[in-house]
Amino acid sequence: MRKTTVGVTAGILGHILTLGIILTACGLMSGSVEGEGAYKFTGVLERNITLRILENDTAIKQGYLKELLDAFNAKYAEYGIHAQDANMDQYSDLENDGPYGYGPDVLYQANDRLMKYVDGKHIQPLPIEELECCGQIDQKAWDAYKAVVEGEDFYCGVPVNIQGPLLYYRKDLLPADWRTAWDDNGNGVPDMIESWNALYRFSLSKRAEGKFGYMKSLFDPYFAIGYLYSYGAYAFGKNDTDTYDVGFSKGEAEKGAGVLRQLASSMNESCIDDTVTVSAYSKIGSGDYFATMTTPDVYTMFIDELIKNGMTRAEAVENLGIADIPYLPESGDLSEINPALIPSKMMGGVNGYAISAYTKSPNAALAFVDFATNYANVKRRNELLGIVPARRDAADEAGGLSETINKNLAEGSIAVMPSIKASAQLWTPLQTFFTDVAKDPFRPVSGADGQKYRTPDSFRAALINVDKQIYDSIHALQ
Amino acid sequence: MKEKIKGKIKGTAWGIISSLAAVAVWVIISAAFGLLAGLAGVGLGILFLMSYRKNNPYDKSKYPYVFAGVLMLAEIALAELIVAAFLAAAGGAGLTGALTVPGAAVTLITDMITGTVLAYGAYAAYILVNRRKGRPDGADEPAADTAGKKKKIFLISAVRDKLSGAANIIKRGNYRVACSALIMGSGQLLYKQWAKGVLYLIIQLLAPAFFIWRGGAMIAGFFTLGTVEGNQWFGVEGDNSVAMLIMGIFAIIVLILYFALYTANIKDVYETQRRLGEGKAPAGFVQDVKELLDKKFHKTALFIPVIGVGVFNVLPIIFMILIAFTNYGGDIVPPALVDWSGLVSFEKIMSLGQFAPTFVKILGWNFVWAVLATALNYFGGLGLALLYNKKCVRGKAFWRAFPILAYAVPGFISLLAFKFMFSYGGPVNQMIIDSGKKAIGFLDLDAKWSARAIGLAVNAWISIPTSMLLATGILSNMNRDLYEAARIDGASPFRQFISLTLPFVLFATTPVLITSFIGNFNNFGIFYFLRGGLYMDGYFLASDTDLLINWLYNLSIDNNYYSIGAAISLVIFIITSLISLTVYIKSPSYKQEDTFR
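Protein chains in written order, with my numbering: chain V, 1 to 478; chain L, 1 to 597.
Heads up, a few of these hints could be off.
Stated by the list, open to error - Distance condition first, Cα-Cα at most 30 Å in a straight line; then the derived DSSO-like pairs of lysine-lysine:
#, chain 1, residue 1, chain 2, residue 2
1, L, Lys361, L, Lys348
2, L, Lys348, V, Lys211
3, L, Lys419, V, Lys61
4, V, Lys238, V, Lys140
What the hints assert, rightly or not - Partial chain V-side listing against chain L, Cβ under 7 Å, derived:
#, residue
5, Thr5
6, Gly7
7, Thr9
8, Gly14
9, Gly120
10, Lys121
11, Ser265
12, Glu269
13, Ile272
14, Thr428
15, Pro429
16, Asp436
17, Leu477
Derived by calculation from the structure, the hints in this document are not laboratory data. All C-beta atoms, glycine included, are put in the ideal place defined by N, C-alpha and C.
Using the sequences and the hints, build the whole thing.
Spelled out as structure tokens, the structure:
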């Protein structure tokens, strides 16, 4: 064998072996990334840092965030702490962004959106007892942010705003004789505001005039789930934590689905898609709709539409009625006269602040949350944005809606959205079901494309299918 | 006291037994890996030898078999040595607990590399022995034999040529080539090619530095996907499996790039040797640079794009493919540790009862959709282009502007506008209601075929302008004399279209047609925006208008089944690439490339 051939072969062999040994050695030596494993809230404020605050779009548009940031920055200027708008989509994904160093330090979102981050420990449990607002917030609101990890309770967010549906209606569109014809119990409150049966009856009478009584896009699970909840359904077992027990078909949920179908029959096809949601403000303003259901934070949009339709602001405020959600018939039949009534239980949520587990300045972030949830700032938020404060003192001060919603939460008439990651899998199966139910009265009575839901059993079967779809979407491919 | 001593003895015995068991397991594993690596090396050796035999049919010697045997023994012995060294090093470093699959995998790769090297060595030695026996110089070069032969399978030929070229270098390279083989650039320096030598030397220093600094750990991370789970609550950063996977792929790409440069370095120094042998002056650095700006300008121009394609296209594609072989998804998303799961995702797809019927239904509709949408867009665009080409049409520029406006509006805006138009409160239903009829649920739950038809129409609205522009450009190159001749021969306008226009346009646009088909096959936006958010009875987490890509989205994004989603996307990839390749190879664009030149 030629010497040079041996040389070249040896050269290649030597080179590759050296590289192989380097790779093997470096691969073996590579350690995993471990941190110091320390408790983060030491009470010592980080200095000369910038906090990125993710607020909701309304707070930014209405100027509340700017006010809040200015006040906070002025207070903490001596520490060099500067808070600023995170300037990112309000639904930015901390799970994907956080580990790579992106994302905000403080987030303001609904409890279901925030608490889905608990599984991966993307948001930090907070020492809530150190916060000024701690004793002022009802335990039910705190529960929306409670996570049980390895048997220990952690609170991963601070409640600011309670979301729950309310009935908006036009007082001036009530029948002139409502005190005699529509106030059976003589309590001075129109029946159609107190019971779904009366509202249904009133809606049918409005149809005869070419107008509508109660109108709502019924496919929207956020507002439609409540009809199922009111008759004993639930999202997940064990206080919305057990994803192996999906309960939308439980109790007498089929009665709630029947109520929804009857309501659809008093409307037109617009209730099947989002047509009503889009046009509700203008249609209430124009008087085509008598009532709709939505959240408290859109109050000003109704007022603006009423003004557009020729009312003064005072008249608009006077004529826009806001009421608690009416009672449901125990039988589940809206056409029943003088039914036994049960309270409605609607879905709600608790918006609040959380701190990213990836923040480099946890103490400054906690200081911000403490500042933003103090009495003055929550009160100001209520004044500017019309939110319902979770703080009892601010809610009492605001009165009206805020008191009602807080009362509903405390009494259990508002069921808070499940605070687990799997809640994201609820919406599409439920939306499909509610669309199907809303569509049903508009199908031909018989035939292949005929009505599907004519008996309680048909509703029950469909709800069992919904439960299965939700279960499958969470577990089937795990 | 007695009990204590008894306990101690028992503990020690258990310790010895468990240690022995661990060693036994490792011996078995290392033997298995060694055997595997040995077989790989032998396989490569045999491949080379077979190649040699094929191109030297007169050679009846027994050497190939002897070499194969020696190679196998040497490779297994070396593999075992490496495993033993690995065990010793790991044990010495107190890393016995870390001796799991990752370590074994690194060992396997090292073994494979050495196997390849041995195969090369064996082949080189065999050739040399044959030369000593008086074979005519050059006769043992398979490449020379195959030159001019029709290459049945391009890839195999290319690989064989490369291997024989490499063998040639090993056989004929001088000591300077050997130096460059050991340390990159050293051969060039010995030839006094200073600039090139220093550049290669820098690469030689930088590459191991990178692997020592991060690369080695990245490659190890590729196999382990992390060992410490993060806990941000207490500042335990932990390993990010997904990042480790990406960085591992990156490091492997760097390793491949390094080997490409290493090969180029050896080839370069051999080329210098060859030139000197022929009495020519070695190419200097300036001359090389000039060549890169002239004859080899394609290499210079493509260097950065190729790097870009590697990082932004190849890396994500490999990442996506590899995700299909992990358990990433559901509850297992970082900071939870992801792990390799082999074919489990594919098994789940196959074994889940609800899955197959949905897959078949969606695949069927997906084909119908892709064919109809492609045909509609293509012939719609061609029809418009032909119409606007007619002399009798006045104000062509003005009319052409309308489709272009539709094209200029972002697709999702058009889709949302159409969704509103066909909603219950939209203008179409308003007109229907105003005419005394009942509103129609064009896109609602029961609207299977009307929703599909609207999807096709909206897609045509968005896509026809592109086809129209393309066809307009192609039609402007048509030879008008052909039409004149056809008219004289009495061909009707339809006959002219079938026999002249269509073949010409089809020839030029087949690749575009394939792209359009694939684009429509994977058209995510149409039904996501028009009719998203519904799960139908008889479908598993999908609706009757969903395409495979929408279903993929439902599974992977809405429901976090990332690995399942990746597995389905692999299936989609196989289907679409098979269709594309088959159609392209059968098309005139490929078969009759010179027809219209």
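Here's how the hints hold up against the structure:
1. Annotation: proposed proximity of Lys361 of chain L to Lys348 of chain L holds, straight-line Cα distance about 18 Å (limit 30 Å).
2. A threshold of 30 Å between alpha carbons decides the hint, and for Lys348 of chain L with Lys211 of chain V the separation of about 53 Å lies outside it, so the pair is violated.
3. For the proposed pair Lys419 of chain L and Lys61 of chain V, the alpha carbon gap of about 28 Å is at most 30 Å, so the pair holds.
4. Straight-line distance between C-alpha atoms of Lys238 of chain V and Lys140 of chain V comes to about 16 Å, which keeps the hinted pair within the 30 Å bound.
5. With its C-beta approaching chain L no nearer than about 5 Å, Thr5 of chain V sits inside the 7 Å limit, and its interface hint holds.
6. This hint holds: Gly7 of chain V has a C-beta 3 Å from the nearest C-beta of chain L, less than the 7 Å allowed.
7. Using the Cβ-Cβ criterion of 7 Å, the hint placing Thr9 of chain V at the interface with chain L is satisfied: the shortest such distance is roughly 5 Å.
8. For Gly14 of chain V, the suggested interface contact is upheld, since its CB lies about 5 Å from the closest CB of chain L, less than 7 Å.
9. Given the 7 Å rule on beta carbons, the hint for Gly120 of chain V holds: about 6 Å separates it from the nearest Cβ of chain L.
10. Evaluation of the Lys121 of chain V hint against chain L yields a held restraint, the C-beta minimum of about 5 Å falling below 7 Å.
11. For Ser265 of chain V, the interface hint is violated, the least distance from its beta-carbon to any beta-carbon of chain L being 14 Å, above 7 Å.
12. Interface restraint check: Glu269 of chain V against chain L, minimum CB-CB distance 4 Å, threshold 7 Å, status holds.
13. With a least beta-carbon distance of about 6 Å to chain L, the hint placing Ile272 of chain V at the interface is held under the 7 Å criterion.
14. Interface hint at Thr428 of chain V: satisfied, since its Cβ lies 6 Å from the closest Cβ of chain L, which is below the 7 Å cut-off.
15. Against a cut-off of 7 Å between C-beta atoms, the interface hint on Pro429 of chain V holds, since the closest Cβ of chain L lies about 6 Å away.
16. With its C-beta approaching chain L no nearer than about 5 Å, Asp436 of chain V sits inside the 7 Å limit, and its interface hint holds.
17. Using the Cβ-Cβ criterion of 7 Å, the hint placing Leu477 of chain V at the interface with chain L is satisfied: the shortest such distance is roughly 5 Å.
Going through the hint list in order, the structure does not satisfy hints 2, 11.
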